[in-house]
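Undergrad: Going line by line, the protein sequences match chains A and B.
Sequential numbering of the first sequence, starting at 123, is according to my numbering.
Sequential numbering of the second sequence, starting at 859, is according to my numbering.
Some clues are possibly wrong.
Mimicking DSS-like on lysine-lysine, the simulated pairs with C-alpha atoms at most 30 Å apart in a straight line are [as the list claims (entries may be wrong)]:
1. B:LYS1161 / B:LYS1150
2. A:LYS364 / A:LYS256
3. B:LYS1136 / A:LYS169
4. B:LYS1161 / B:LYS1136
5. B:LYS1150 / B:LYS1136
6. B:LYS1150 / B:LYS1076
7. B:LYS1076 / B:LYS1161
8. A:LYS436 / B:LYS1136
9. B:LYS1076 / B:LYS1136
10. A:LYS304 / B:LYS1076
11. A:LYS169 / B:LYS950
Facing chain A, a subset of chain B residues (Cβ under 8 Å, in silico) [to be verified]:
12. GLY892
13. ILE895
14. ILE1117
15. ARG1169
16. THR1173
Note that these hints are calculated values from the structure, not bench results.
Ideal placement from N, C-alpha and C gives every residue a C-beta, glycine not left out.
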Amino acid sequence: MNRIVVGPFNRVEGDLEVTLDVADGRVAAARVNSPLFRGFEQILVGKDPRDALVFVPRICGICSVSQSAAAAAALRAAMGLAVPDNGRHAANLVLATENLADHFTHFYLFFMPDFARDAYAGRRWFEAARARFKAVEGSATADALPARAAFMHTLGLLAGKWPHTLSLQPGGSARAVSAAEKIRLYALLREFRGWLERRLFGDSLEAIAALDSMAALEAWAAARPPGASDFRLFLEIAADLKLRRAGRATDVYLSYGAYGDADDALFARGVWRPGSATTALDAGAIVEDVSHAWLRDEAPRHPLQGHTWPDADKAGAYSWCKAPRLGGEVVECGALARQLVDGQPLLRELVTGEGGSVFARVLGRLLEFARVLPAMETWVRAIEPGAPFCAQGELPDDAQGVGLVEAARGALGHWLTVRHGRIVGYQIIAPTTWNFSPRDAAGTPGALEQALVGLPMAEDGSVPALVQHVVRSFDPCMVCTVH
Amino acid sequence: MNLIWLQSGGCGGCTMSLLCSDARDLLGLLRDAGINILWHPSLSEQTGPEALALLEACANGEIPLDLLCVEGAMLRGPAGSGRFHVLAGSGKPMIHWVEALAARARHTLAIGSCAAWGGISAGGTNPTEACGLQYEGETRGGLLGAGYRGSAGLPVINVAGCPTHPGWVVDTLLALALGEFGADALDALARPRFYADQLVHHGCSRNEFYEFKASAEKPSDLGCMMEHLGCKGTQAHADCNLRPWNGSGSCTSGGYACISCTEPGFETPGHPFAQTPKVAGIPIGLPSDMPKAWFVALAALSKSATPRRVRENATADHPQITPAIRRTGLK
C-alpha cells in the first residue's frame, strides 16, 4: 500500500487536498481534506440577524449569491414574509445568472484545461483541445471571459455588483427594475444565448434541451464533426476517454428544488435513486457528523442543534469539513442531482444504466444552460415595472428559519436561530460539504471519497489526469464547504 | 514580470471579481504588459507537485518573483500555529509560505480587504486570529510587520475592497509593469490613490436625495440611505460610483447601502450594517470633511426646501412624480 497526497489541487474553488491509498495500481481508498477553516458560524453568533446578509455572501466569492439567497430565505421564513412576483422574478434571475456563470467558469476555466495537458498528446482530439482549452493561453480563455463578463452585466443592473450583493432581501429584491432596464436585461440574456448557441453548443438551446435520450444525443453528435462546437468536442473526448465509466459515487441524489417555492419551482425538490421515482425530502433527517473533522467531538446533530467548535489536535480527524448525512445515507448533489430529481429523461437513462460519472455530471451542467436561460428570458418578460419588488416586515425577537436553495453545485441550507433579537445559532451545509465530506462515525466515506476508489494510477506513480477529472467533475467549492 | 497569486483566509471573491473585468481579453492584456502569471490557483494548469515546485523555486530565489498577490486574510490561529490554513500538499501553514515569498518579492500586493486588513474573516470574535499582510484592522503590523518593504521599496500595496474592483487590480498591475507606480501613488493606508482619493458618494445616483436629505426608510426605497439605512458612501474611500461594477452597477445603485468595505475594520461597525447609528436624531458618522454644526444646519435647511417630487420618490421603489417640464423661454 502506497499513500499519495495530492495538493494544492487547483482549478477548484478554494483549498483541497486529496490523500490516495494505492494498491495494485489502483486507488484503494481516498481521504478528502479541506485544509482551511474561517469560522463563519461563530462569527455570526451575537450579530443582528439581518447582518447575516453582509457576512454569508463572503463565505464564497464564486457562489456568493446562493449564500445570500439561503440567508434571505431563512430570514424570510423567520419573518413569515411573502415575496411579490417581481421580487421572485428578480431573485430567480440573480441566482440563475450566478449559477450559469459558475457552470461556465467550471467548463471553460476549471474542467476542460486538463484535456490540454501533455499527457494526452497524440490523442486524435488533442490539438483541438490544446488550442481551445490550454490553461491561461487557450483561445477559450480569451473568448469566454469577455462573454461571461458581459453576461454578468445583468447583475450590475439587478444586484449592483457581483460578488457580494446586498440586493437580495427577505422580502424580495431591493433593486426595482425600470421599463428601460427590463429591455436591457432581455438584450443581455439574448446576447449570452447567442454566444452559447454559436460557441458552446453549435445549436439552439431548444434543440439541446430537447435531447431526451442517449440515442438522441448520439445521433446529434454523429450529425456534426468533432470540431463543430465546444460541446461536440467534449462529447468526442468523453467517448474516447470513457468518462461514462469513471467517478461513480453513491447514486443517491438530493435536490432542494430550484427557482421558486417547492410547489411552483422550475426544478423539483426531492431525493432520487436509479430505478425509482423521486421521493419527498425529509429535511428533519439531515444530520452532521464530526467524527473525522477537526471539530470537538459530539454526537451527530441536526443543524438547528449543531455547533462548530474547532479542535485542531483531534486524533483521527483529517478535514475541517463535517460529514452531512440524510437519514444516515451519503448523498450526492449538484446539477446532475437537480436534473435527475426533476426527471430530465436523458440523464435518468444514463444514470439508471451506468450510474453517475464524470460525463453525467458535466452533461448535467451543460443541459442546465439549455433549460435555465430560456426560463430567465420568461422571468425578465414577466417583470412588471412599477409593481413592488420587496415586501417589508418585522423580525421577531425569538425565531427560527431555514433557507434551502440550490447553488450551482447543489443543495445549500442555512439554519438560523434568533433569541432576544440576536443570532444564537447559524449552521450552514454547503453542496460540497455533502459531496466532499470525510468519513462518518460508521467509517462510511463521502461521495468523492467513494468516486475515487478503483481508479487506475499512472505507472510512474504520478497522479493521472483521470483523478483530476473525477474531482473536478463535482465542481467543488471548498471555501463554502468549510466556511 | 513574474506573478504569483495565492489565496488564504478569504472567499476567492477578488479573483472572481477580477474575471468580471470588462477588458476584452483580460489575460492577454496582462501578458501584453509583460506580466507572466507563473501560478494562480484558479487559472493555472500546474497542480500538486508541479505547483509546489514553482512556489519553492520562487521562495528560494531560483525564479525571480516580481509580483506577489495575496488574496484572503492571514490566519495565524490556532494559538499562532497557522494551522487553520495549511497549503494543501505542503504540510506548511500558508502564513509561512507568504512570509517566505514576500521576502523575495519586488512588490507585494494585498488583493482585497481580507489581505489588507483582516476583513470579514476577522469579524465577530475573530476565531482564526485573522489579520492582513501589513495591517491588523487600522493598526500597522499584520503578518509581515510595519517595517516590511518589497525589494523595490514599497510597503504592501493594499488594493482593498470586499471584493476589490477588477479595475483597481488591473490598473495597479499595469502601472507597476509600466514602472509608473511609486510611493506617492499610495494613500495613508497604502491604497492606490487613483481609486482611494475619491469617495463612494462621488457620482452616486442618489445625490439629489442626499442634497435634500430625502431619505430612504426601507430596502428598495429610492432615497438617500445615509440617514436611516447605514450608508457610509460619504466616508468610504473608493470610486465605485464613478467606475461602474459589472457594466453599470454599484452598491448604492443596486439598492443597498455602502458598508465601506474598502476601509479597515469595516466588518465591525458597532451597529447593524443596515441601520444608521444616531445621537439625538443626528447620524454619528458624518460626511468626511464636514463640520458637524454645518451638517446639522444645512440638513435642516435642505429638508425644509425639499421639493415634493424628491420627498415622495425617496420612499418609493420607482419614481412617483417625474420632474416638471418648465418652459423658461431660454433655449
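Undergrad: Each hint needs a verdict: does it hold in this structure or not?
TA: Consistency of the hints with the structure:
| no. | hint | verdict |
| --- | --- | --- |
| 1 | B:LYS1161 / B:LYS1150 | 16 Å, holds |
| 2 | A:LYS364 / A:LYS256 | 21 Å, holds |
| 3 | B:LYS1136 / A:LYS169 | 19 Å, holds |
| 4 | B:LYS1161 / B:LYS1136 | 17 Å, holds |
| 5 | B:LYS1150 / B:LYS1136 | 13 Å, holds |
| 6 | B:LYS1150 / B:LYS1076 | 25 Å, holds |
| 7 | B:LYS1076 / B:LYS1161 | 19 Å, holds |
| 8 | A:LYS436 / B:LYS1136 | 47 Å, violated |
| 9 | B:LYS1076 / B:LYS1136 | 17 Å, holds |
| 10 | A:LYS304 / B:LYS1076 | 23 Å, holds |
| 11 | A:LYS169 / B:LYS950 | 34 Å, violated |
| 12 | GLY892 | 15 Å, violated |
| 13 | ILE895 | 6 Å, holds |
| 14 | ILE1117 | 6 Å, holds |
| 15 | ARG1169 | 18 Å, violated |
| 16 | THR1173 | 11 Å, violated |
Hints 8, 11, 12, 15, 16, counting from the list given before, are not met by this structure.
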